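Protein chains: 2
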Amino acid sequence: MNDNYPSKLLEEAVNEFAKLPGIGRKTALRLVLHLLRCDASEVNLFGQLVMRFRNEIQYCPQCHNLSDNGLCVICSNSSRDKSIVCVVESVRDVMLIENTQQFNGLYHVLGGIISPMNGIGPSDLSIDLLVKRVSEGQIKEVIMALSATLEGDTTNFLLYRKLSPFNIKTSTIARGVSLGDELEYTDELTLGRSILNRTLLVINL
Amino acid sequence: MNDNYPSKLLEEAVNEFAKLPGIGRKTALRLVLHLLRCDASEVNLFGQLVMRFRNEIQYCPQCHNLSDNGLCVICSNSSRDKSIVCVVESVRDVMLIENTQQFNGLYHVLGGIISPMNGIGPSDLSIDLLVKRVSEGQIKEVIMALSATLEGDTTNFLLYRKLSPFNIKTSTIARGVSLGDELEYTDELTLGRSILNRTLLVINL
Numbered sequence: 001m002n003d004n005y006p007s008k009l010l011e012e013a014v015n016e017f018a019k020l021p022g023i024g025r026k027t028a029l030r031l032v033l034h035l036l037r038c039d040a041s042e043v044n045l046f047g048q049l050v051m052r053f054r055n056e057i058q059y060c061p062q063c064h065n066l067s068d069n070g071l072c073v074i075c076s077n078s079s080r081d082k083s084i085v086c087v088v089e090s091v092r093d094v095m096l097i098e099n100t101q102q103f104n105g106l107y108h109v110l111g112g113i114i115s116p117m118n119g120i121g122p123s124d125l126s127i128d129l130l131v132k133r134v135s136e137g138q139i140k141e142v143i144m145a146l147s148a149t150l151e152g153d154t155t156n157f158l159l160y161r162k163l164s165p166f167n168i169k170t171s172t173i174a175r176g177v178s179l180g181d182e183l184e185y186t187d188e189l190t191l192g193r194s195i196l197n198r199t200l201l202v203i204n205l
Numbered sequence: 001m002n003d004n005y006p007s008k009l010l011e012e013a014v015n016e017f018a019k020l021p022g023i024g025r026k027t028a029l030r031l032v033l034h035l036l037r038c039d040a041s042e043v044n045l046f047g048q049l050v051m052r053f054r055n056e057i058q059y060c061p062q063c064h065n066l067s068d069n070g071l072c073v074i075c076s077n078s079s080r081d082k083s084i085v086c087v088v089e090s091v092r093d094v095m096l097i098e099n100t101q102q103f104n105g106l107y108h109v110l111g112g113i114i115s116p117m118n119g120i121g122p123s124d125l126s127i128d129l130l131v132k133r134v135s136e137g138q139i140k141e142v143i144m145a146l147s148a149t150l151e152g153d154t155t156n157f158l159l160y161r162k163l164s165p166f167n168i169k170t171s172t173i174a175r176g177v178s179l180g181d182e183l184e185y186t187d188e189l190t191l192g193r194s195i196l197n198r199t200l201l202v203i204n205l
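Going down the list, the protein sequences come from chains Y and R. Residue 152 in our numbering is what sits at position 152 of the first sequence, and the numbering runs on without skipping anything. Residue 161 in our numbering is what sits at position 161 of the second sequence, and the numbering runs on without skipping anything.
Because the hints were derived from the structure by calculation, they are not lab data. One should not assume that every hint holds.
Same chains, same label: a pair holds when it works inside one copy or across any pair of copies.
As the list claims (entries may be wrong) - With a Cα cut of at most 27 Å, we get these calculated DSSO-like pairs of lysine-lysine: (1) Lys-82 / Lys-162; (2) Lys-19 / Lys-82; (3) Lys-26 / Lys-132; (4) Lys-82 / Lys-8; (5) Lys-162 / Lys-8; (6) Lys-19 / Lys-132; (7) Lys-8 / Lys-19.
Fair warning: this is a prediction, and the values are worked out from it, not measured in the lab.
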């Protein structure tokens with residue numbers, strides 16, 4: 001679209017929206033024109049909330065999850081198992097795992113995974129904080145829940161090396177055939193891994 | 001997604017983004033977490049621009065197009081033909097038609113089309129302003145460039161009735177087979193209309 005904006009302000013607003021990930025210029029224009037049809041008070045609320053969110057949001061000093069004030073809701077929850085820590089890439093992954101309701105330990109948010117292609121090295125992640133947490137002795141197991149990609153495996157390996165001096169269990173989430181998937185449509189790598197990492201059937205009749 | 005937000009502020013920000021058209025809660029979360037990775041200064045600029053856009057944008061008093069100050073760039077352009085006016089639904093349609101570079105007259109932005117389903121009646125549109133413009137006598141032709149839908153046709157009919165007391169030409173943009181389309185895949189209504197509204201072939205050899 002060769003754009004002829006009737007207004008400089010409109011063009012600037014479209015430019016700002018088009019900077020968001022996954023939002024092209026056509027979608028940005030649609031969003032901006034939608035704002036015009038909203039009440040001014042609603043739009044002001046939106047703009048202020050965006051700024052307030054960025055300026056006031058805090059990170060949990062223990063696990064780097066988002067927090068409104070000091071320790072996050074998970075770290076400060078006394079009913080959670082403080083001896084087991086699940087290492088994830090981002091805040092979104094904490095929410096995804098919480099939604100499964102299968103984990104009752106604490107988290108550690110790395111803030112990314114090692115990716116030389118994107119210029120992310122070990123020093124950009126909160127790895128030292130994790131090592132410090134483990135060195136305090138309360139943690140018995142660290143579960144790595146990173147993406148099943150080359151970057152995830154690299155990060156797993158580095159964390160494994162950094163944590164090996166401590167007397168703890170390290171594990172990684174299972175990789176295998178997704179529930180509901182048919183074998184016919186599962187890729188060979190995943191199928192191969194699912195055979196290597198088979199689990200014992202224990203059925204109580 | 002059954003959401004467990006680690007922070008109230010995060011949840012509020014996601015709620016605000018999810019109000020935008022075409023943005024679901026998953027996309028909203030992705031956008032909000034993207035803002036966290038941006039510089040605070042950039043995010044503040046974004047928030048302020050959203051508010052400034054909504055509060056400072058003006059409508060051209062003549063055609064209701066967007067404008068930064070007074071008459072819009074099209075109405076104030078002295079090289080445009082002021083005797084022909086193209087009626088469109090929204091600011092976006094002005095931009096679309098401008099991009100074709102096939103029209104050198106002025107516009108009139110209705111601000112919507114008649115749609116009883118969505119509670120939009122004639123009084124919600126800038127129809128009276130159009131009638132007033134035509135009554136001033138400078139306009140010789142009004143082209144309706146509305147969507148080829150029931151709502152568009154209803155609006156066309158109403159405008160035609162309102163403008164019929166004046167001695168002007170009224171026309172509507174051509175409906176027919178899209179350029180590049182094969183007849184095999186054109187729907188019957190469009191094909192039928194394209195035969196009724198055939199245009200004379202005038203080839204200068």
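(Q) Cα distance capped at 27 Å. Does Lys-82 pair with Lys-162 within a copy, between copies, both, or neither? (A) Classified as within: same-chain Cα gap 20 Å, cross-chain 75 Å, threshold 27 Å.
Q) When no copy is named, should Lys-26 and Lys-132 be tagged within, between, both, or neither for a Cα gap of at most 27 Å? A) Neither way: Lys-26 and Lys-132 sit 47 Å apart in one copy and 33 Å across, limit 27 Å.
Q: Pop the pair Lys-162 and Lys-8 into one bin, within, between, both or neither, using alpha-carbon distances up to 27 Å.
A: neither (53 Å within a copy, 34 Å between copies)
Q) Can you tell me if Lys-8 and Lys-19 fall within 27 Å by alpha carbon in one copy, between copies, both or neither? A) Both: 17 Å inside a copy, 25 Å across copies.
**Q.** Same-copy or cross-copy closeness of Lys-82 to Lys-8 [CA-CA at most 27 Å]
**A.** between (54 Å within a copy, 24 Å between copies)
Q) With identical chains treated as interchangeable, where does the CA-CA distance between Lys-19 and Lys-132 reach 27 Å or less: within a copy, between copies, both, or neither? A) neither (37 Å within a copy, 41 Å between copies)
(Q) Please sort Lys-19 with Lys-82 into within, between, both or neither, judging by C-alpha distance up to 27 Å. (A) Neither, since 40 Å and 38 Å both go past 27 Å.
Checked against the numbered hints above, the structure violates hints 2, 3, 5 and 6; every other hint is satisfied.
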